[in-house]
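S.K.: Sequence:
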Amino acid sequence: MRQSRSARRIALALGAAALAVASVAVAAPSAQANARRVHVWRVGTWHGVRGNVSSIGAAIRRAHAGDWILIAPGDYHVRMDHQGQRGSDHPAGLLITKPGLHIRGMNRNGVVLDGTKPGSRKCSSAPQAQDFGASRDAKGRPSGRNGIEVFKTNNVSISNLTACNFLSGTQHSGNEIWWNGGDDSGKIGMGSWHGSYLSATSTYYSNKHKARAALYGLFVSNSRGPGSLLHSYASNFSDSGYYIGACPNCRAVISDAHAFYNALGYSGTNSGGRLVIKHSEFAFNKVGFDTNSQNSADAPSPQNGKCPKGARGPTGTRSCWVFENNYVHDNNNPNVPSSGDAALGPVGTGISLAGSRNDTIVHNRFVHNGAWAVLMTVFPDSGAGAPGNNCRGGVRNANFFGQQVPCLFDVFSNEAANNSFRRNGFFGNTTNGDLADLSQPPSEAPGAAGDCFHGNTRAGGAPAKTWPTTLQTTQGTCGRPVYPDQGSTAALAVQVACNTEAFGKCPPSTGHYPRLTRVRMHPLPKQPTMPHPCAGVPSDPWCR
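Following the numbering used here, the numbering of the sequence shown begins with 120 at its first residue and continues without gaps.
Honestly, the hints are just simulated from the structure, not real lab data. Please note that a few of the clues may not be correct.
What the hints assert, rightly or not - Straight-line alpha carbon distances no greater than 25 Å define the calculated PhoX-like cross-link-like pairs of lysine-lysine that follow:
1) Lys428 - Lys397
2) Lys217 - Lys329
3) Lys624 - Lys236
4) Lys584 - Lys329
5) Lys258 - Lys217
6) Lys306 - Lys241
7) Lys329 - Lys236
8) Lys327 - Lys217
9) Lys241 - Lys329
Said to hold, decoys possible - Per label pair, the in silico range of CB-to-CB distance:
10) Thr589 - Arg515: 26 to 36 Å
11) Thr589 - Leu635: 31 to 41 Å
12) Val168 - Lys645: 50 to 60 Å
13) Ala257 - Thr589: 39 to 49 Å
Using N, Cα and C, we set each Cβ at its ideal position, and we do this for glycine too.
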């Protein structure tokens, strides 16, 4: 697969410290580069002072490693892909192939990288305003477009701006901001990356052309890191608002993220090792958060949060993949854009770990998710395997409760601890509730520890509602090879299959789950802008 006020106050307080760290991170290479006469390229007019270059594309072409590109408020219909871009096969409004560039808007809400046609109003939803790409294939299908693509180059930071309406097509497109270390290659082709104060959205959706919807908001693939994404927002995406994938040891941090109105708030295929998602909000999506193992082009599988080289993670265990201190609520929305495997996400789920291993879910708040607040499940991958992947870490041609699937990824060794729950599981099906475990002893890892659950409570201190009902007793101790009984997993498997309809339509009498009636796109709310957009910038006419 591929805010509340209180949450925002907490996130902003924590974000202040993170901003200081980020400022040092971007300032350090600049200090070294000053000896090489770092240039500050300025686009537009800021406080009455005109820039020194005509467009963002022109600034990127002229810039060298370590340079800064500052962008004044304006609606920028960026079109490097229409001008014969070189360096990547992915059509992008802005393509960056030089290391160490710093792209920064002077106001997050005012600087808009707009995927619609020149002359259109800002982020227009009108069909005639959409730009579906500069080329078409033999069948007449458009290429689609990306917003900013950073392609196989390191230490590029992007901050304090908004991207909208870059739509999908035939050429790996539909991503608003993309750090791309080599998608579909199965190899790591990028190191460090940084993003902060970013907003990504789309206003366009068509039932007639569903494949042309925007796919991803903030996207990172095939990177070893370190990377950070701080103070961000993503909405209205048909796959996911956030994505980190194809990195066995991602070395990434997401903090103060807000994913609203997406098929999946976050998706992370085959992303493991050191990866922390914290102090963020996932709400009003079909599924709030999902990470999974998959036999896809985002190789190598599986998704595994185990710390590299036997190290200990942030919580003192051997897990370095941590989802902590997040607010996950109201993820019951079937009326969002959806495409591909994301369309099969189980509506009403706060977070799902699908075929995942060694992940930790701790100290989060889950409220009003109608199916399951936390679902740990095997992942029956029915898609065609990517060349060279061959179901690594999974079971080939497996039987999934009577269904034959090309690749089955078991789920094991995950931990859910000390989370709070309120008003979840209200769809009313037998297995619905706060915590559910659809796992089985893994044939590819005999004797592996089962998922474990402890210290999870409802409001007032009552134990969380679980399936199986004794989950926090029978699987309350981590590190033991204990799994649910077959009868319980069979009942849960029926409900998950019914919810997703992955194997066919589910009769209403069998499962009460909301279905799509009409896709609704939601406006982008005003977001907090960077308090000091000149922080770390070498002295120039805009930043003295």
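S.K.: Between threonine 589 and leucine 635, does the C-beta distance stay in 31 to 41 Å?
M.R.: Once the Cβ atoms are compared, 35 Å apart, the range 31 to 41 Å for leucine 635 and threonine 589 holds.
S.K.: Taking only the CA atoms, is the gap from lysine 624 to lysine 236 under or equal to 25 Å?
M.R.: violated, 39 Å
S.K.: Do the alpha carbons of lysine 258 and lysine 217 lie within 25 Å of each other, as the hint requires?
M.R.: violated, 34 Å
S.K.: Is lysine 428 close enough to lysine 397, meaning Cα to Cα at most 25 Å?
M.R.: holds, 24 Å
S.K.: Could you grab the alpha-carbon distance between lysine 217 and lysine 329 and see if it respects the 25 Å cut-off?
M.R.: violated, 34 Å
S.K.: Between lysine 306 and lysine 241, is the straight-line Cα distance small enough, at 25 Å or below?
M.R.: Violated. Lysine 306 to lysine 241 sits at ~37 Å, over the 25 Å cutoff.
S.K.: Holds or violated: 50 to 60 Å for the Cβ distance of valine 168 and lysine 645?
M.R.: Since the Cβ atoms of valine 168 and lysine 645 sit about 25 Å apart, the hinted range of 50 to 60 Å is violated.
S.K.: Sort out whether lysine 236 lies within 25 Å of lysine 329, counting only the CA atoms.
M.R.: holds, 19 Å
S.K.: Is the hinted pair lysine 241 and lysine 329 satisfied, with a Cα-Cα distance of at most 25 Å?
M.R.: holds, 22 Å
S.K.: Would the hint linking lysine 327 and lysine 217 be met if the CA-CA limit is 25 Å?
M.R.: violated, 39 Å
S.K.: Can you let me know if the beta-carbon spacing of alanine 257 and threonine 589 is within 39 to 49 Å?
M.R.: violated, 58 Å
S.K.: Decide if the proposed pair is consistent with the structure: lysine 584 and lysine 329, CA atoms, cutoff 25 Å inclusive.
M.R.: With Cα atoms ~38 Å apart, lysine 584 and lysine 329 exceed 25 Å; violated.
Against the hints set out earlier in the document, violations occur for numbers 2, 3, 4, 5, 6, 8, 12, 13.
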